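Given the coordinates of chain P, assemble chains Y, L and Z onto it according to the supplied hints.
There are 4 protein chains.
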Amino acid sequence: MDHYFERLKNGTLKLHALEQELPPLEAVKVRRTYLETEQGISLARIGSFTMDIDRAVKRNIENMIGAVQIPVGVAGPLTVKGEFAQGSFYLPIATTEGALVASVNRGCTAISKAGGADVRILRDRMTRAPVFATRDVGHAKEVVDWVTQHQEELRKTAESTTSHGRFLGCTPYVTGTSVYFRFEFDTKDAMGMNMVTIASERLSEVIEAGTGARLVAVSGNMCTDKKPAAINLIEGRGKTVVAGIALSADLVREVFKTESATLAEVNYRKNLLGSARAGSLGFNAQAANVVAAVYLACGQDAAHVVEGSSCITSAELRGDDVYIAVTLPALQVGTVGGGTGLDTQKECLSLLGVSGGGDPPGSHAKKFAEIIACGVLAGELSLLGALGARHLARAHQALGRG
Amino acid sequence: MDHYFERLKNGTLKLHALEQELPPLEAVKVRRTYLETEQGISLARIGSFTMDIDRAVKRNIENMIGAVQIPVGVAGPLTVKGEFAQGSFYLPIATTEGALVASVNRGCTAISKAGGADVRILRDRMTRAPVFATRDVGHAKEVVDWVTQHQEELRKTAESTTSHGRFLGCTPYVTGTSVYFRFEFDTKDAMGMNMVTIASERLSEVIEAGTGARLVAVSGNMCTDKKPAAINLIEGRGKTVVAGIALSADLVREVFKTESATLAEVNYRKNLLGSARAGSLGFNAQAANVVAAVYLACGQDAAHVVEGSSCITSAELRGDDVYIAVTLPALQVGTVGGGTGLDTQKECLSLLGVSGGGDPPGSHAKKFAEIIACGVLAGELSLLGALGARHLARAHQALGRG
Amino acid sequence: MDHYFERLKNGTLKLHALEQELPPLEAVKVRRTYLETEQGISLARIGSFTMDIDRAVKRNIENMIGAVQIPVGVAGPLTVKGEFAQGSFYLPIATTEGALVASVNRGCTAISKAGGADVRILRDRMTRAPVFATRDVGHAKEVVDWVTQHQEELRKTAESTTSHGRFLGCTPYVTGTSVYFRFEFDTKDAMGMNMVTIASERLSEVIEAGTGARLVAVSGNMCTDKKPAAINLIEGRGKTVVAGIALSADLVREVFKTESATLAEVNYRKNLLGSARAGSLGFNAQAANVVAAVYLACGQDAAHVVEGSSCITSAELRGDDVYIAVTLPALQVGTVGGGTGLDTQKECLSLLGVSGGGDPPGSHAKKFAEIIACGVLAGELSLLGALGARHLARAHQALGRG
Amino acid sequence: MDHYFERLKNGTLKLHALEQELPPLEAVKVRRTYLETEQGISLARIGSFTMDIDRAVKRNIENMIGAVQIPVGVAGPLTVKGEFAQGSFYLPIATTEGALVASVNRGCTAISKAGGADVRILRDRMTRAPVFATRDVGHAKEVVDWVTQHQEELRKTAESTTSHGRFLGCTPYVTGTSVYFRFEFDTKDAMGMNMVTIASERLSEVIEAGTGARLVAVSGNMCTDKKPAAINLIEGRGKTVVAGIALSADLVREVFKTESATLAEVNYRKNLLGSARAGSLGFNAQAANVVAAVYLACGQDAAHVVEGSSCITSAELRGDDVYIAVTLPALQVGTVGGGTGLDTQKECLSLLGVSGGGDPPGSHAKKFAEIIACGVLAGELSLLGALGARHLARAHQALGRG
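Taken in order, these protein sequences are the chains called P, Y, L and Z. The first sequence begins at 0 in numbering that gives the first Met the number 0 and counts up one residue at a time. The second sequence begins at 0 in numbering that gives the first Met the number 0 and counts up one residue at a time. The third sequence begins at 0 in numbering that gives the first Met the number 0 and counts up one residue at a time. The fourth sequence begins at 0 in numbering that gives the first Met the number 0 and counts up one residue at a time.
In case anyone wonders, no lab produced these hints; they're calculated from the structure. Check each hint, because a few of them may be wrong.
For identical chains, the list gives no copy identity; a pair is met inside one copy or between any two copies.
The calculated DSS-like cross-link candidates involving lysine-lysine, where the alpha carbons are at most 27 Å apart (straight line), are [what the hints assert, rightly or not]:
hint, residue 1, residue 2
1, 57, 256
2, 80, 13
3, 112, 155
4, 155, 57
Just so you know, these numbers come straight off a predicted model, no measurement behind them.
One chain only, chain P, in its complex shape (with noise of 0.2 Å):
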């Protein structure tokens, strides 16, 4: 080992250059054992790890030196009532925040007590959007126009590069000389965004020579990814997905101890007010939360929380009772690619019975998608409670003072 840290020391040996001397398992340790020496501290939990490192390092990682472990509990079981999920789930959530698991809990217990959250998808299409730059404005709308007039043409281009992926369109925006298309892809059980970056480069080609255009980024911002954007709120990415439940005053009491008129409240003055003023493009209460700790459970790109959390919570009361949904327009997921080949993460998904690829295809994804809304649903329906019932526990001890 002495040697490869000599070479790794004085620079004729590159850190991410020692698997192709070494078999995986060495190279990492071989690396991590380096940063230890020359940092003068201990890896050794990280290097404890138990996942297939050839699959690791071949698709998930570079410069690997071990993993880190985040502790997974369960929530549910979730009723969940949907197009694809039907049935009774336990929700993987992993985690570093104590709670979190516990506050989704009790949000399935009381959407189970009721029946079961129903849930639809309304909108299922990845996107990516290239910027081209024109010579000047007259050009930006010739482009354009020859796009529009090519759309055949241009699906054949698109679905010449996937085997599995489909073309749903397009749509173009110019903003001075720059002009930008945002293509849009079924990618059934695949998150997708491979897909239509390959797409999407190979249709900037014929673009490009079609028109004159010249591509300057195969993304643009309009796509947008893992980046807040109206876009996505407005017309989504990935599957827009809503989910609904009706409590009774009753259940709102036995649950969350408060009553369905706190929970519009709560609803009305922090989610859609507080937000409108804050000059927010969330409308929630803890939807990052949820998505996030099934993201990281399941394999999912951690990033994609940014667009993956954009949710508009709504609540509306009925007599004495209250109909809650949550409506997410731009869930990013797959059962199948990235992250959801690894070990753990792959359990995770089979816990939901959406590993791999569904049948019929795409089938997997949207039934994850499905679950994942209705998870998001049992936080809110808990943390609307718990602010709710807080603020009563303050008024009943006040009126125990007096």
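Just chains Y, L and Z now, with coordinates in the frame of chain P:
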């Protein structure tokens, strides 16, 4: 074990109550095995963890069944010239997305070759904004006036709830009959959400008693926690950090195989114009990738990726050179509390020399934030370069075909 | 007159009912005089108008007391190279803010010297989006499905309500139990709000009858009318127009006394980075000034300045020259209806050659939109130039003092 | 006149130079007649104005050809219970859109019958935010630190430029190498843009001299002037005003022919959920209509409708009654300067008792702002009512058909 299964099945024992009858490791095992049996699946890999389960069960997770493993790689060395972080660092990156480490690594190379990135923290304050209901708009103004006149009393109340934190003030916002106070705290080396929530609850009681306003929720979404919000982009939450680097034309060519002008153009058409037209609050290329990966490695709250990844990337030509900077208004990080005490996460923090509380208090969290900002800068450089060069490659091919 | 005053005073005659007893001019006079007497003020100047009062009272105003006079100046000649507007125009500018006409005029000079601005209309559709309440999220999806399947029926219904307009389709959006349909119409030379509202009311009845959804409001704010909204910035409302001009370094120096690079830098730091950090939906310098002034002169709905002034200004260096463009996604304009028939406003439209309906229908409104966009471009050039030069002036002074 | 035409035609006389050779009225006439001749049109109605042309030409307009007349109606009486405005007012409304006055009038009736609207001003500060370029992010922080340490000096500098205004402080924002200082002023009865711009120019010189930062533009768009921006929605610009009213169930039925619950539902599904999903910064029904119309009548800057119409409308059921409020964070108004001195506009201001400077200074502008906010509230009530009742009408018809 069958004994527990039967009770779990018939509902006389709750899944989350196992720890009341069994030591943690046993409880986790029974719970996991129960799910395996019920669902007819294997969760063996999730069960093969090495973390200190007592701590995890007490502080980080409920209903635990095991852990997911997320591979960790390193990018670097990354040369940082901050006020708290100075020197070369290996950035721990936990991700399941192939090519991310390599991408950040290339950015680190550019930064280090250029002599290191400058980085500064401009603001540092964790916030919480309870929402109160008032009788009418006249009462709303009275409540604001009362709070404005009782700042010193509120400061004392706030600081009585914490031995570490410091109360920095509050900003009032009125929307109709709803009144929000955005409390600000210096939370030192803790990310601080718990600290400020506890203080805010106590402050809310004082305000209720003094004004007759009624607390609706201790978080009124003007905090804004875990939702993208302009208030954080503008005023910051946690640490507002800016990092920048001047790259010579030669260095750009050497590392990125492209030109300074290309980097600036990609930033202009993608990160600025593209995001503007998309109604985005994020003006960057891949800040979320880096923030998410470092947060995961280092035990940060994964849902904080939402605001943490808020980033405006700027790029200015200076002759043939280019100056590129990232502005991160809402990095919420801590080196104590939350997931920072878990074994593998603690090791990642120690790799950066920021595990545990700093001396003086707050210096570890600040150093950590500076390093992350430089890591984000590395990611931005790399992706701008890759997008720019991919185009050039195509242009070269096109010429070759001619 | 005293007779009316007495009844007005004791409430037996309502101020707005005067037209029922008196011819318009008399009613207006009695009303105005009554207010003068009551308040002890003079409204003589307001009373000294020349407009055709019959038309005004019938179509434009209720409870009329007279008119305000807003001074009108002209900027130009402005050379426009559009698809509908071609040639030189004098832009009528109604404003009370000194220096605005002069500012736009300077921009017109630059544009005309450079040979004229290119301008293109990219989309043209007025929208209205009713909101419906549904029973639950399952019902919400059924309603969307029903509408999707009845597009042809809806088209016929929509077009039965108008002799001019054309139904272009609709986009459904679901948020919890609320369903929005954003109907799109080609409204030809009319701005079209009334036309699309009438059509939307009829469409809403059909949808209610077909689906059991309950109409809550014929405008559900996803239109979005008279509020700044990303949906308009992204998808457009009314006409989406882009205008651009290439300026040589010499021309920039001659007209603006500054450099191309300075114009680009002001645009970059102010219009792009400044607006980004401010959480703005407007990325321009003074689009609202020009849009408001032309709208006022030409009888457009003044409240439409809100969306009409949505504008992204872009500026790109090309060697020593610069290309500057404005993108206006939501210009809602008409040359018939509303205030366009008032005498003075009609004259302003005729100054641009766009008074009344065009041949073919829609061509006047399109020509008008193209001219406005070039006027906005003139305003942007001028203010970027003024900001840039002011600084240079300071720099020169500084040098002079040295 | 032919003499001038010839020179205008051959370019030896510029259109805007006519005032150098002729008295204003003559110059205006020659200019107008020249355009009439050139374009073969009549501008006679534009030429038939009565305003004091000397003042207009000097302060309000260049290249004047006449004036447009905008009809003015009144809504009211409107009962206001503010801190500055108390009593009943007739609101002057200048508009070309039929039904607007009647709509606002109905809202005024409801408010007055309910005893008057409460209204409060929560903040009052006009802003201007210059942008500076710095060398690098380290320099950016130095510049911020310098300004933070020289507040007293800056205050003196700022106040030396104005006899009326008061410097209230500044907030620094850094984005990469760009530094913005958002200066805040109390501008008393003036809207104040000129005042703060002049002060900001002088402040910028001091900062340049003290720090080596380079002023790029005296407005860096974080002001934010005449663009919709979250910074104004959150922090306010000009006056932040909130107005509210409690309406009994009986009154709602009497005036609006609908139920309290319907008003609340329309507000919830349209103004809150609809605007949220549209990515809007405006959560109201028709604030822009009222703000635009009163601004026009009263000589305010029409482009300020963009921010002035920022409004969040809230509606809360209280048993069978309802409390409705409007929050206007950015009302920029003045009663001196700009268009307030024009004859007809001055009369409109006098109708509200706010023409010219108040005693104490600032009280007229504050009173004016309070009245506008109540006018906006009237417009909101009325449109919520109309939308709600239209539906009920339909429901009744439906029942009738059954």
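To see whether the hints hold, each was checked on the structure:
In this assembly of identical chains, residue 57 and residue 256 lie within 27 Å of each other by CA distance solely across copies; the values are 25 Å between and 51 Å within a copy. Taking the shortest alpha-carbon separations for residue 80 and residue 13, only the inter-copy value of 23 Å comes in at or below 27 Å, while the best intra-copy value is 53 Å. Taking the shortest Cα distances, residue 112 and residue 155 never come within 27 Å of each other, neither inside one copy (49 Å) nor across copies (45 Å). Taking CA atoms no more than 27 Å apart as the test, residue 155 paired with residue 57 passes in neither setting, with 31 Å inside one copy and 56 Å between copies.
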